[in-house]
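Visitor: Each of the two chains sits in its own frame; use the hints to bring them together as a complex.
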Amino acid sequence: MSRLTACLKNRTYTTLLIGIILLTIMAAFIGCQKPANLKIGVVGTMTGPNSDLSVSGRRGVEMAVDEINQKGGIQGRIIELVVKDDENDPVVALKKDQEFIAEDIRLIIGHFTSGMVLSSMDYINSQDMLMLSPTISADSLSGMDDNFIRFIAPTKEQAKALVEVAQKLKQNHIAVLYDERNKGYTDQLVLNYQGLLKEKMGVEAKVYSYDSQMPETLGQALKAIEAEAPKGLFIVANAEDCARIAQGIKPAMPELQLYVPLWANTAELIRKGGVAVEGMMVVAGLDIGSESEKFKVFRQGYKERYGEETNFGSLYSYEAMMALAMAIEKAGGQQPMKIKNKLIEISMFEGVQDQYSIDSYGDNMRQYQVCIIHQGALRKVE
Amino acid sequence: MSDMRKQRSLKWQLLKGNTLIFSFLLTIFGLAVYFIIYTEIASDINTRNLQLVRIANDRVEHFIEMPVNMIDKMRDHLMLENGELNKKIIDTYLNTIVEVYPYIDELKLIDAKGDVIVTAPNDGGFKEVNVAYEPFFLNRPIGQQINWSNVYLSNKTYNPTITISANAEGYLIVGDLNLSLLENMANSDSNESLVSISILDQYGNYLTDNDPKKVEQRLRHPDFEIIKESVENRTSLVPSKSNENILLTGAAIGEKGQWYLVIAEDRTKLYASLTKLTQAMVGAFILIAVCSLLFLYLNLKKAIHDLELLTSNTLLISEGQYNVTAEANQFHEFQELANHFHKMAGKVEFRETEIRHLNENLEKLVAERTAQLVDTNHMLEEVNAQLEEVNAQLEEEITERHRVEEEIILINKNLEQRVAERTTQLEQSNSYLEETNAQLEEEIEEHRRTVQLLEEKDGALEIAIRVAEEANLSKSQFLANMSHEIRTPMNGILGMIDVMVMTQLSKEQQSYLKTIRSSSDILLTILNDILDYSKIEAGKVEIKQQPFMLHDTIQDIYNLFSASAKHKGIDFEIDIPQSLPHCPVGDEKRLRQVLSNLVGNAVKFTSEGCIRLTLEVVENDEQHAKVRFTVKDTGIGISQEDQLHLFNRFTQFSHQDGKKTNGTGLGLAISKMLVELMGGQIGVRSQIGKGSEFFVEIDFGLAQNQEKELGDYKHEKVNDGSNSLKGLKILVVEDDYTSLFMMKELLSMMKAEVSVAEDGLAAIKAVENDAFDLILMDVNMPVMNGLTASRKLREMGILNRQRQAIPIIAMTAYAMSGDREKCLDAGMTDYLSKPIELQNLIRTIYKYWMATSNKDAQIEIMAELEIASAQNNLPMTDDDEVQEKQFFDNTIRELMKASGLDIDTCHFLMRTYVDQSLELLKDLEELLSNNKNLDAGVLLHKLKGSSGNVRVNTVMELALKAECAFKAGQMTEVQQLMPLIYEKILIFDKYTSAK
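Just so you know, the protein sequences line up as chains A and B, in that order. Be aware that the first sequence starts at 4, since it is given in the working numbering, and climbs by one per residue. Be aware that the second sequence starts at 9, since it is given in the working numbering, and climbs by one per residue.
Extracted from the complex, chain B is given alone in its bound form (with noise of 0.2 Å):
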């Protein structure tokens, strides 16, 4: 590696040496220079700069010593004064004083509480000036010190002002100062180098500098900060954060050096002498350089010259040319070399000749050598033939051993083709599994055949099902048509035998009587139930949806079964929450025959204890209500087997005893398909000996319009506020004086135009010299009934208003089945029967009148008239007078609410009615006496229905029993009749004449 270093040129390394040595001396030589004027220069300034700190020192000192002296003048001139302050001649002297001294601006005089008493110069303000929160004031000075604030800008002569303040007798002296005296401090020294020399207060900001402006805009010095540290670490000419070129020196000042003094100098011309120096030594450096390095250069560019002379000689030599002189050198040092060289090539001669010499002898040597070498090789070579024969018996066995591995081969080739034999049996046995497996795939083709037969089979099954159902339902229908038709003899037979108990009849035969009475009861419930049921299952049972007073229902509930309860000695408690919505849409009908199947069950079931129906309002929001009703007895119990068919029809249970009930067993399941036609649920909770509880939920729609509640209703006219029949002609045609009354009244209220006749050969008249909108028929009627009427109406083609075929409804006592369709045969569009329910009149109505009405005020006259339901359930008493009143009252209210008319229109309508029926029942008596039995027969039909109408369902019945009895030919039954009739209106009388 020692040889791979570079080998270094005498020629650069000497310059280089030379240059290195005297850059160094002579740079050494240039900082000792310019560090001892650099000194001097800086000592210089320092001096200077100590000179106007103290000049600074001196100006501030005298600033602040003028003041306090003239403070101390004060002070005596006032304790002269001592005890009595005269302020005239405070006046003056203050005055004069602000005169006299141009750097006081204003001396004031101030009290202890803060009064000015006296300001000079006098600057017109008010008189009474308090100066209490000057911070002068809050600061007073304590004994005889004297108080300096900080420099700020008078508000007065807006120049920069110091106030000092010192007590004096109590008073307190205030002046403000100017900084007048500090001015000229700036402009004292005219220094070529100098900047500005400014006086700042202790948070910098400038009291004076050359500029004015500095102070006057209140500036603070941009390098204060810096300027603290250098006052604080004793440095000086630092450089400025805002300007490298400016320096700046700072000290404090003033009395307690609390006031700096900043003096900026400009670096360039404040080391103007140095930059020269530095200059001047820079361009000496260079020229003795330059110099030096050249007369190196050209010494060794001699030195050099010698140096290769003998360099090339010594190449010669070394080529054998040894009689090389030496040249004229230069440097003797180099001559000598040269001499000592030729010497030396002298001696190399006589070496060379002798080696010549010891040359030839070796090559000698070296032929003999090479002769004993040439029969060692023979040798060698037969030794090589031995190994050869080796060779050749190698190669044989190599032969053999590929022999051997070609019958291994042929081996392997025989197996191969036993696999492939092997392989074919394989795949012959192969589709021998195939075919077996076709086999069975057809079998399973068979199966399926035959299970699509089945299913053929089980269609017709489904078909026989169906057919089997539909044969059930016929068989409900036709039940259902069978109840109903029974129930009308029925209740006949019921008729008959309450005529017959009032009749002179043996004890005997009385409870005879009184067991049919029974038993006949039975068996209309037990119709009553069939029918239900059928018509259930039928499809016939249509769910209502309609606002209803779920309390009222739930009141009547407990009317009901109240009695029947005390009577077992039960109690009955009913439990409603507060939260229960008054007004719930569905059906209450319905309701109420699950409600009473339940609770009439718990009361058949129950011998002790208490029954007690519940409500919950399971769910609430804004339109349903999920209410939940419990009926809990402590009644016999059923079994858990019994609960599993208790909804079952036909289902009864035996008691413990064994002891049968009555009934069909349909009531549960009636129940059960009510509740689920309503879309809510029944269930059963029970423990033999303990108690039953049945329970239903069921979700209520609720009315949007809930305000009217019960309490509010006060018999108002049914449609104030809304004019729902208003433009309406109407044609009523009735014989019956009291119907025609109040259908005229009724609909007049609901603002139709109402148009009379008694009979239908006058409404045809009528409709000749009219037009109406429509129509309402009484069936039954003399000279020409209702059916007749409409034929000849609809025959003439008689138009409504709105050029439209005009819509006849019938209004009939007939309830048979059978007359609607009589009716509209007839040509009526539809029909109602009598009694004539409030709300079905108004909805018959209003489906048939096409104009533009107002739904929602129809919807509200049918909430009003469902809260009109809410009146009648006043307590019963014993006293006969009391129940007469309450028979009277409780069929107004009746009125009322089907009719929708006020109290005072219902009991004129009674009087009518009354009056109407007396004369009746006198023409009656008569005809009846005088056997003019056809006549009388429509006289009762007339007062069935009158009574109907005006819901003196007492007087109805009895006519209707009178009416069959005069149908049936039993005349003294008739007879019998009259008197209870006659009694029952009496009573009416009585009260429609007290009113």
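In isolation and in its complexed conformation, chain A is listed as follows (with noise of 0.2 Å):
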């Protein structure tokens, strides 16, 4: 009798210890089997004039995504990034997101400037993809159901706030100074920017244009504007041009109040401005002397990594990326559609200085900060 039982038991042992040896080797096999890394495209003017904001941007993208691969990936998948460049030409645009395409990578963030993407929404809404862009502006493209995402305001917005800031000066004789190079973003904001003026304050104010390819222009606008005398100047310009006019006008009118866009909030415009450019009211997409813990962390790695200082490009990517993250999780799945109704519905997402907002067209309504030049750094217009 015990030598049955024992048997048995003997023969229960191996059974179970065969089913272990079975398990372990197929959990083994089946661990082995990582699963596919996500790919998501990353696409902007990475090279040549104008890349600062696209590699700004991407480097933010790069942070998110280290932090977020750190924590497992998504659903356990690793992202990897691919990254394309558009050369700041909007056919190799149209190229890049066909090769994304091409690639079934249907989840991008990019484009940069606005430029790349006017003439190519038709194909982004046509395909089965979904763009996150983190700094395109254009007001043109506000109000529309696309497959179109944006982390940042309307260029309206940075109109609004510079009246808001003159109003509060009291500032009743303002000129405006654009570049004709650059006339689809510097139009709108012109346009608006002069309504509201109009409509805020009852200021009417005078336009001047230069041609950035074309020194001599600017020489004279400038005389143009020493002239008229007014006591504020809006300047629609790269923070380069912003910073040569600011050295060029500031001689000759110290006391003229200069107002400049977002576009040219780069570390550039202080650099090359000197003392030119203090005092000057700058559009801001961020405080960088925010005391928000969370960007005291996002700037301090950011410096660490790149050696750079932040600016609103890289801080609304890493934003973007991070949305981008969480509707994929929610979602749980990568179809575009499904992710832009998420991110759609989440609609309120907590940034890394505040809380920003997506409609449901897809477009951002955060506000925009207007910073003053004062030491060489910007402080916080309160």
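Source of the hints: derived by calculation from the structure; they are not laboratory data. Keep in mind that the hints are not guaranteed to be accurate.
Label pairs and their computed distance ranges (CB to CB) [what the hints assert, rightly or not]:
hint: 1; chain 1: A; residue 1: E353; chain 2: B; residue 2: E624; range: 51 to 59 Å
hint: 2; chain 1: A; residue 1: A230; chain 2: B; residue 2: T104; range: 34 to 42 Å
hint: 3; chain 1: B; residue 1: N103; chain 2: A; residue 2: A230; range: 30 to 38 Å
hint: 4; chain 1: B; residue 1: N158; chain 2: A; residue 2: K74; range: 24 to 32 Å
hint: 5; chain 1: A; residue 1: G222; chain 2: B; residue 2: E107; range: 21 to 29 Å
hint: 6; chain 1: B; residue 1: N158; chain 2: A; residue 2: A230; range: 39 to 47 Å
hint: 7; chain 1: A; residue 1: H377; chain 2: B; residue 2: D629; range: 58 to 66 Å
hint: 8; chain 1: A; residue 1: M204; chain 2: B; residue 2: E624; range: 52 to 60 Å
hint: 9; chain 1: A; residue 1: R184; chain 2: B; residue 2: E107; range: 26 to 34 Å
hint: 10; chain 1: B; residue 1: D629; chain 2: A; residue 2: M351; range: 36 to 44 Å
The structure displayed is predicted, hence computed values, not measured ones. Beta carbons are placed, not taken as given, at the ideal position from N, Cα and C, and that holds for glycine.
Guide: Structure, rendered in structure tokens:
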């Protein structure tokens, strides 16, 4: 009797042992089959002039991806970034978008300048894809139900923020100077600014223009402004031009209050502007002196990683990637339309500095801030 | 257990052992070879990498050294120009340097303020450029130190650029260097396994790489963390995170070791020779293993064959075939073993024979032993028989036992039978009990019938009570009627007393008359109380819900009692809160009655101290306000026992000194009933000798439109903003000119279309000629009175403009009961008693005007009318002149209030009245002197009517007295009253002419 039990026991043990071994092998086998990486596209102007914004944007995305991957990725899948360079050429930009579709990459962060999407919007909307732009603020893209989601407020909001400041300063004589080379962007902003100035303060602003490729036109414009002698000047140009204009006009008109848009808000502005840009009002996408713990960590991390100061491009890109990850997680898959709907459904996002929202058109409604340059640094205007 | 162990096969054991040992040795050998070759390759790679690092370091140092040398030279040059800075020379000098050295993109000379003095090559920008916040200026070098910036993308060349800065004679030399010197680095070595050589800055950003895009795009090395770690740990050839096949070797380069050289190599290509060697070794290993195993197997097969032969021989021997011989074996060891077996078989055969002999002996011994055993068996059988006997005895005992058991069963049966009998007896007694029960139930039924009878009687009793109550009600009704009937002659008596006082009487007579007057007053009060009480009890009192001015009511109460209180030496104080609603909705008259009763009592029962009327708002919301009125006195107080009956009718309590008080004892009962009718409550707290506190709580509605308060009222026309009677066509039939004027004015003001007729006949003519919506008809008129005219109009079937029977509203000064019936019998629609109250008039007109009228406007008018009543509480003075004026003013105010007309119209109205009355008095005097008595009565009636209409009440009263006296035939009295009337009218004449 006992022998039989022992034998049976032996057999049970053996079966169990074999079972365990088999299971272990199977588990190891399954475990070895790592899930494929989740590919996410990043596209922007990565080389040449105008690449500053896209590069800092890409870096913001990289920061976010590293953070996500360190926590085990999204649903156990490691994120792999596929970066493409649109070379600041709309034709190349469209080609790169098509390349993404060919590679079956349908979630894309980019582009970073409006010129790169305006002509390929039809293509983007015709494809099963979702494009998340951290920095394109063109008003013409507002209020459309498309495959394009933005993480920056429309340009019109900049004009609003600046006019509010002018109102507070009670400046009733303001002129506008803009770069003709960038008409698509500058026109709308200038018109909005002029309109708001009229509406809110009843001030008619005279508009001057120059061609950044023809330096003599700038000289002429500045002379005309000196003659008009306004109290404020809104310069719609890139950082370097703004710095140059400030250096050019300040010695003659030391009391002139300068205003510049977000476009000009790069490290270059202060570096190149020197003392001439002191007191200049600058539209900002972030408050660099923010005491927000989250932002301080982000800023420190960015500096340690890239040796540079962070800017709104990198911050918004970081937030866009984080929002995308959150939407993928919540949607439980990576179908672009599902993710788009999730993003719209979530609607309120906890950003690094503050909350921001995305409306049903995928448009962002966050507030621009106005900063003043004081002793070579941007300070928030209270 | 030991035999359970599985026996091992010699063949497999040998094979296994051999293979293991063989493999082990071969593996050790293989690993040794592999390791030696691997070390060799690694050292080769290291040597080459070191060489690369050295080259890179040289390049970087060269890259650093060149500008440093250049700057030193520049410093010297600047020093030559010491003291005076020649811009032109410096400009030329710097431009030359930029042209000569291709790795310098730009040179700048900056002064201490950050202003740029010279830029080479000249960028065509603004002359006065300030760079105070450029990093190179913010972090200026100290002394002879040279500062190096991080690598950044130049906004002029868009190439990675480094800015160096150095001090020179108080100026700052700033140079932008491109990285072209480092660029060729990556292409310098062309090793097969080398994938790329890159230089990274301290943050991991590419400075150079085989792929220039990485630099252009300012990418950061994806494995920078791994590289940094490997440099710190001095490890090399670490696998890349993104591609396992790429091995990275990092090294710190540069002067301070802040940059990194990264060599990336292809693992497959790098270890190609090692892989080949491993493959060859594995091949050899397998070949050797297969051959040796085959050899071993063949040898073992032969040995096993020999062994098996031996085994089969052994089997034959064991079966007794001892003559087997050994066969030819291939191995001599086995041959020897076979020989030994053969010898062993011979010896075994011999021993077997010996054993057989021994066996035979043993069998013999066994047979003997068996015989002995048979004997023993017999003995045992005998013992067995004895045992069986004992057994039989035992069985007998068992039978006996069975018998006893049966007997017990029998006894048991008997017992059961007895139980059954007993049960039957019990059942019988049970049925007896049930019978008794039925009898009891019958008795209960009897009882119930008695109760029913009682209930029926009770019903009869209730009916009797109801009859009694009805009788009581009839009694109250009777009382009411009686009181009313008594009141009319009572008024006559009072009037006559007043008249009599004015005649020449002796002092004694006057004192008698005074007593009669006060007794009559008391009697009238009693009558009024009884009438009130009866009315309430008969349910004839309706509580009105109209907006009124509460403040005025309180003021009236104050005016009413302050004099008597003062007379008794008591203070009378009123406490009104701010939150008191100005215009609550309720029955002002009844409230006034209740409060007068309470305050009157307080005055009556208080001889010293004070009386305080306090108002409090207990609850308050948008539509209701609950107000508590408290009357507190310091009077004699009421005992606890008396408090219980205080509100019962006919209850009176004696003073402490036994003195009785005047009155019916109905006051508080009436108050209680009125308060309850108003939905409120009344109560008392009192202590003998200390005083009493009566309180009343009433929940008032609040008028929706309260904005128009007392102070805002400025004699505005009644219907400003409203066109309440617009479109209504009214015929006013009235012989009295004052009344007619007033009605016409009033109705026109209400935007009604008004036509007039002086008597019934004129009215009929007017109706024949025109269509009206409504007729207001005086009853007592010359030519044709109102009743006759109405009858005729109904006979004619006169319709209004809506083709419906025209409403005829009677206006009469006859205050007798039955007047209403007379009017209605004559075909009139409704009845208004003179003096006409504006409110009543409008309400009645609205009632019969079925057209679309604005009800809100109506309410507004009502409210305004109420407000108008708040006009007349001026203090009285002793001065006759002032008193006269006040009397006149009060009358005008009264008229304004009643008519809703403005002050000017009222003055005008009063003037008309005075003129008419003076003329009437003149006529009257003439008639009286001519003894044309009949007409005089008519004139007196007319005077009474018109005086009432304009609210000259004194004249109205005097005219009434005169009329009564006239009807009684007491002409002297009429004569006496005439001057009094004349005097009063003259006052009005004076003030109206003054106006």
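Visitor: Hints first: check each against the structure and report whether it holds.
Guide: Hints versus structure:
For A:E353 and B:E624, the hinted distance range of 51 to 59 Å is satisfied, since their beta carbons lie about 57 Å from each other. The supplied range of 34 to 42 Å is met by A:A230 and B:T104, whose beta-carbon atoms lie about 41 Å from each other. The supplied range of 30 to 38 Å is met by B:N103 and A:A230, whose beta-carbon atoms lie about 35 Å from each other. Taking the beta carbon of each, B:N158 and A:K74 are about 30 Å apart, inside 24 to 32 Å as hinted.
Checked against the given bound of 21 to 29 Å, the beta carbons of A:G222 and B:E107, roughly 28 Å apart, stay inside it. Judged by the Cβ atoms, the range 39 to 47 Å given for B:N158 and A:A230 holds: they are separated by roughly 43 Å. Hint check: A:H377 to B:D629, Cβ distance near 59 Å, so the stated range 58 to 66 Å holds. A:M204 and B:E624 have their C-beta atoms about 58 Å apart, which keeps the hinted 52 to 60 Å range intact.
The hint said 26 to 34 Å for the Cβ distance between A:R184 and B:E107, and at roughly 31 Å that hint holds. Restraint check, B:D629 to A:M351: a C-beta distance of roughly 42 Å satisfies the suggested window 36 to 44 Å.
The structure shown violates none of the earlier numbered hints.
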